[in-house]
Structure formats: C-alpha cells, structure tokens
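2 protein chains.
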Amino acid sequence: MSPRAPKLGRGVALVGAGMSRFGAFPDKTSRDLFVEAFHAMVKSVDKGIETGDIQALYVGNFSSDLFEGQGHIAPIVADWVGLVPKPATRVEDACSSGGVALREGIIAIASGIYDIVLVGGTEKMTNLPTERVTDTLAAASDTLYEGSCGFTFPGLYAAMATAYMAKYGASVEHFMKVGIKNHRNGALNPKAQFNKSIRDLMDSRIEKAKQKGEAVPDWRNEIDFLKDSKANPIVAWPMRLFDCSPITDGAACALLVAEDIAKDFCHDPIQILGTGQGSDHALHERQDLTTILAARTAAREAYDMAGVEPEDIAIAEVHDCFTIAELVAIEDLGFFKPGEAYKATEAGLTARDGSKPINTSGGLKSKGHPVGASGIGQVVEIWHQMRKEAGARQVQKDVNLALTHNVGATGGTCVVHIFGRR
Amino acid sequence: MSPRAPKLGRGVALVGAGMSRFGAFPDKTSRDLFVEAFHAMVKSVDKGIETGDIQALYVGNFSSDLFEGQGHIAPIVADWVGLVPKPATRVEDACSSGGVALREGIIAIASGIYDIVLVGGTEKMTNLPTERVTDTLAAASDTLYEGSCGFTFPGLYAAMATAYMAKYGASVEHFMKVGIKNHRNGALNPKAQFNKSIRDLMDSRIEKAKQKGEAVPDWRNEIDFLKDSKANPIVAWPMRLFDCSPITDGAACALLVAEDIAKDFCHDPIQILGTGQGSDHALHERQDLTTILAARTAAREAYDMAGVEPEDIAIAEVHDCFTIAELVAIEDLGFFKPGEAYKATEAGLTARDGSKPINTSGGLKSKGHPVGASGIGQVVEIWHQMRKEAGARQVQKDVNLALTHNVGATGGTCVVHIFGRR
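Residue numbers (our numbering), protein chains in the order written: chain V, 375 to 796; chain G, 375 to 796.
Heads up, a few of these hints could be off.
One copy or any two copies: either way a pair holds, since identical chains are not told apart in the list.
What the hints assert, rightly or not - Below, simulated EDC-like cross-link-like pairs (lysine to aspartate or glutamate); rule was C-alpha separation at most 20 Å, straight line: (1) Lys586 / Glu683; (2) Lys637 / Asp678; (3) Lys381 / Asp427; (4) Lys601 / Asp577; (5) Lys541 / Glu685; (6) Lys711 / Asp427; (7) Lys584 / Glu596; (8) Lys582 / Asp592; (9) Lys541 / Asp678.
If you are wondering where the hints come from, they were derived from the structure by calculation, not from laboratory data.
So here's chain V without its partners, still in its complex pose (with noise of 0.2 Å):
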C-alpha cells in the first residue's frame, strides 16, 4: 500500500489486561464498567503499576454520546481511574473503536514521547430499548445511502450472507456451525454474557417443557434447535438470532509499555508484533460483499510488520459480530482461502482443539459485544491463552503467536494486531 513496509520507531509490548463482566448492568455507567475493567488490568501486570506511572489514555468507545448522552467520555474515565491530568483520547471507528485506541497507544509509545500507555474500550448499551440499540447502531453504516433507506446492521450482514451463500455454495447451518462454536467456547468464560452452550441452552429448554408438561420439541441436535423459528427467529434472512452478537455492557483495558522497559513489570512480556489498520467504502459501493478490503489492508500491514504469514498465526480472535463475519474474517485474513471457511469450520478446525481455534473467548458471539470495547476484550482473551491462564478453555498448545481481528460497521475500519514472543 505505502511506498515502504511500516515499520514502528521502537519495540511496544503488552505488560496487563483485564476486563469487566460483560453482560447487561442497569446501575452502571460506561465509567462504572471502564474502572471495573482496569482494576482487573492492574492485578493483571505481574510486578504492579502505579497508577502516576501511566502517563496517557487511549479509549475507545463508539457512541456514549447516542447511547448515555454523554460525550466527550475520555476525560472523565481518566479522572474515574485517577489520570488527571494526563492526556486522554477517545478514538471511534464504530465497532472497531477498541482496537483502534490500541492501534493508537502502540503508535504513541513507538513515536517516543510515552513509555507506559493505557489503552482500552468501554460501551454501555442496554439502557436503551432492544429496536433503539439497533438504530443507534445503524449510525455506523452510512446514514445517507444504507441507514436512511431501513437497512440496519442484521440486514446489512444478511446481504454478506446471502453474496456468500450464492457465491461459494454456503447454507444457513454453516452460520449455524460459528455460532455453535464460539458458544461451546464462551460457555468457558466466566465473564462471558452468555456463557452456555447452545447444547445446554437446548437442553435447559427441553426440560422446562418437560416441567410445564408442555408438548417436548424433538430437536435431535443443536441444527435443529436453531432452525425452529420458535426458538430461533428469523432477524434478517439468512441471519436468525443466534447468528446475532448480543446488545452488551461492558469494558476492557489494556496496558502498554515500550519494549525496553517491559520486564519492569512482567516476567514474560508479549510483543506487539505487528500493527495493521485499512477503510473500505460504505458496503453500498462494494462491488464484491464476500470479502472486506479494509481487512485484507490491515492483515496485510500486520503481517509485514511481524515478518510473519497466515500459516504462523497460531490463535485470532476475529469479528465475529454475526456468524458470517467470522466467516469472511478467516478468509480475509488469509488462514482459509476464499469459499473455504465454511468447510473449514465444519471439519472443526476453527475449534479450540482445531487446527486454527477462533474465538477461543467465545468471540463477540457468546462473549458480547459492547462495541467500542470489543477490541480490547480480544486482547484479553489473547493475553490470558499466551500465558496459559486461560482455564477450562486454554488451548493444548504453545501460542506462541495470536492475531485479533476488529471490524467497524460493516467493514469500513479493520484493525489487525498480531502479538509474539520470540
């Protein structure tokens, strides 16, 4: 893209990261959740970091301004967590804003004028009723030629999904197949919103039915426990719920420092490898909606940053805001080629014990999705599985080199990281 690889002035590294519970919490501001999530960064850096120490912020956050009424949130969190007066600044690329704010603190501290940089990502969305979350969120699309015309996001994706399914021969159970996955997987993570499989959401229900001694649905398997409309209705076809990410509240925090400086507080620090950001055009222009430009762009950069290629990677944590994003994500950032993602994940090798185990978290999917915090809450994931802290689902093998992948709105913003130690 540039006329040189990018390349970073000095060596960043990942010291801390921790998150909130993600889910819905009535009585908590997107500030509540953001101090909740960096208390657990802080008891997450191995040898401590003083608060004085950290001397900026970067936060993401897509729209506090439409969903709490307030702008203009960088400032206060930063006084909630005890900067003042350091410099604070919110970045917003729609639902890539997490993982822009930690493209931003990398650059910062590669730039030299900081050493020890706090990013992170907060979003509080159910506060607002289920049809305006989805209307705020339609803001991220281009309001003149998408939002103004009805389209939202579940309609915006489902035109992805149904270009896949025409395109490679795709049907609605390889969606289905993502979201059995990542559940299976956020059914591990305890700060996962909804963290059951859909096996035992399936199961739960069935023996309600049983106790009410209500008619018992014969659902031999989870396929068809997802293709009952009852069960799981229609959103925009091909995308029925459960091919949905979740409204969410929730925050996630991150600590940086420059490489030098990174054994000061970590006994095994993790590298920021690589770093790669692209924009694509509003998906009304697009000439081809199964693959997203700005992804390709930012794995791209990320890749020539790191000197690494798909095949190395040995973990991601992908956009999986509806079941078909995971499925274009693997394909744009090169560890399927295009058409085969869905094959892939049916042999399971998108699985934890797979080949190449995708949101490990349970991604957006089961995890949550508070948008601008997203990103960051991918950090975490990589964070805790590259140093085997991952729990019931840690993965049987040295990661010794992980990518996040995070989408605005429907590809507009992609941001690509890749974290290593070598």
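Let chain V serve as the given structure and place chain G on it in line with the hints.
Same frame as chain V, now just chain G:
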C-alpha cells in the same frame, strides 16, 4: 509530569493547510465540508500532493452522531476524498477534537509508521435548532453532575467568568473588549462566519434604524452597543450573546509529513516544534475556576519539547469559545500573569498590532466554531501568518514561532502546539 521530557522520535513538518468557509450551510453535510477543506489544503501545497501518496487520516469530530445521526465518520470522509483503503481514524475530545487529530497525526509520523498524514476536522451543527445545539453541546459536560443539573456551556463559562471577576476585579467590559478585538480581526478574514467588526454591526443597525425612521440608539461606541440588552442580550450573566462563539458548519485540513521529506512538498516548511496535551477534572470538581490544569499541563509539555518559553511566541490562536475563555487561555499559556490578561487586552497588547497578537483569524468568536474542526482551523491561520499570506490581517512582524491552544468542553482536555522555523 513524566519522568523525562517528552520527545518525538523524528521531526514532523506542516506543508499545507486549508479550510472551508465557516458559516451556516443548509445544503451541506460534514462530509461535503470536509471535501471543501481538503481541496483548499491541496491547493496550498507548494509542490502539490497526490491523494494516493497520503498514508493515513485522522479526523477530529465532536459528534456527527448527535448532530447528523452519523457515527463512524472517518472512513466516510476518507472515501469522499479518495483515501480508501488507507487507515482513517476519528478522534474525539469535544471541542479540542481537531487539535487532538493534529497531535495524533504528528505522533503517527514520529512513530515511523507513516511519512505523509492528513489531519482534519469537520462539524455540521446548524441543521438542529439552536436550543437543541445547546443541549447537544452540553453532552460534552459531565452529564451526571453538570448537564443533568441544567448546566449548559454558557452557564459553565459564566461560572468561570464570575469567578474571574471576583478574584481579579475584571468587569463585563473587559470580556467585551475580547470580542471587539476578535471581530475586528475576523472582519478581515474572508472565510470567517461573522466577518464584520462590532463597530460595523453597530453602524449598520444605526443606519437601519434611520432608514426605517425608528428611534436611533444612542450608542457612542462598541461598549455602549454591547451593554444594550436588546442589541446584545444576556445569555448567562455575565456572558452576553457577543461573548459567545456562534453555531457553525465547517471543516479544515492540514498536511503533515516527515521532516526529511518536507522540501519535496513545500518551499519553506513549518516545523512542529512542540505538542502537548492534558486533561482536567470536570468543572464541578475543581478548586479554582479561573485556570485550567489541562491547559497548563499541555503548554508546559509543548514548551519543553520546543525548548522555548511563552515570551518567545510571536502569535497564538487560542480557544475563545467564550470571551472569558481567551483571558483564561492567555494566562494558562504564560503570556500574562494570572489576573493580568484582562488588563493586557484593555491595553491592546493582544491586538493585531500589539506585542502578543491573539486570534488574528477572528478566533472562534468571529471566525466561527464548528467544534470538531476548530483546532485545525487554528492551524490554517498559523499557516497563513507564517507564510505572510494572511492578506489584510497579516501581522507586521516575522512570525517564526507560533502557537495553537485548543480546549475541549470546560477544559477536560487541552492540546497545545508550537510551530516554527529555525
């Protein structure tokens, strides 16, 4: 603040700057205004710039979410000026969003990741009725403790103004003199929203009264005019209408490049010598309403990085969202001692022909205040003055060291930049 003086990894230069006309444009969106500013910037680059050579965009915007129902504005404006698939990031720190975009662009080049970065700001405000604009801007206050208690920005700045009067003995006339000076400058700025001096406004009203055969007001001078509550109603005492910056649509752009390639774009590039940013508690939490910690912090960082002191600065564009704000600004910047700014203004020191010209563009007061764009609008004035291209408002001395000071809300954020040639 930090254990070592902040320093950028490599030099950054300003090689172009341009703005849209500031005003009320019912037929234009924030993206249209951005395109207008972009074209003005392109024209300003001595040796030209190819859009394809620009590697990234940082755009300041307070709340296209609330003003236009449009979030995720960064990739949209990137698309409209032909930058896809380059990274496009929105930064938001209320009315300092533009200044923070400038800072992030500088940091990005200093990091080594990019060589050529577009920074800009855009805001479309006038499509909402005035009272809704006031409410929308109040979202930049701490809405739990200020906005929700009925405070809007004229009231918040009125509290600062009364505190300043009580502490230092300033009168309402001193505030008025700031407005008179800034309108005098803005009258000479063809891109200003109100390019009329207070004297011109007064004279034209007298003329109108005469033509209509109405009673001719007995205003002997501008102060008489400004003290007339019919001509200049009280908004929140002691802030009257002409103490408040207007509601404005507008955009501005600047082009930054690595110092070592600056001569490829510009005959006589302007160096970024210093950048500083700070945060402060919300107004309701502060001990002293007559000074802003974020501004003092940002100024100190910028001066230290540039290796200069306040007395070295030839001209400055400061954040005069209200007249009181300019007095606080020029004290926080160290141009005048605490409690001396109003006397200096009265003595003409801050006038275009004074020893320390402030807001030669007309400032936010007269040029207009499209909130997310204002910080870059300030850069456009510095660009013109340093190149002796400011026409009728050109200061009559060489400007080799200039400063911008951009405030978010009541000072939750402040960002300061120092521009120079040496």
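A quick look at each hint next to the structure:
1. Neither within a single protomer nor between protomers do Lys586 and Glu683 lie at most 20 Å apart by alpha-carbon distance, with minima of 54 Å and 79 Å respectively.
2. Proximity of Lys637 and Asp678 under a CA criterion of 20 Å is satisfied in neither setting, with 26 Å inside one chain copy and 29 Å between copies.
3. In the homo-oligomer, the alpha carbons of Lys381 and Asp427 lie at most 20 Å apart only across protomers (17 Å), although the nearest pairing inside one protomer, at 27 Å, exceeds that limit.
4. Within a single copy, Lys601 and Asp577 get their C-alpha atoms as close as 15 Å, which meets the 20 Å cut-off; across copies the closest is 76 Å, which misses it.
5. Taking identical chains as interchangeable, the C-alpha atoms of Lys541 and Glu685 are never at most 20 Å apart, the minima being 25 Å within one chain and 67 Å between chains.
6. Taking the closest pair of Cα atoms, Lys711 and Asp427 never come within 20 Å of each other, the shortest separation being 45 Å inside a single copy and 31 Å across copies.
7. In the homo-oligomer, the alpha carbons of Lys584 and Glu596 lie at most 20 Å apart inside one protomer (18 Å), although the nearest pairing across protomers, at 84 Å, exceeds that limit.
8. Only within a single protomer do Lys582 and Asp592 lie at most 20 Å apart by alpha-carbon distance; the minimum there is 14 Å, versus 84 Å between protomers.
9. For the identical chains of this complex, Lys541 and Asp678 are neighbours neither inside a copy (30 Å) nor across copies (59 Å), given an alpha-carbon limit of 20 Å.
Violated hints for the displayed structure, listed by number in ascending order: 1, 2, 5, 6 and 9.
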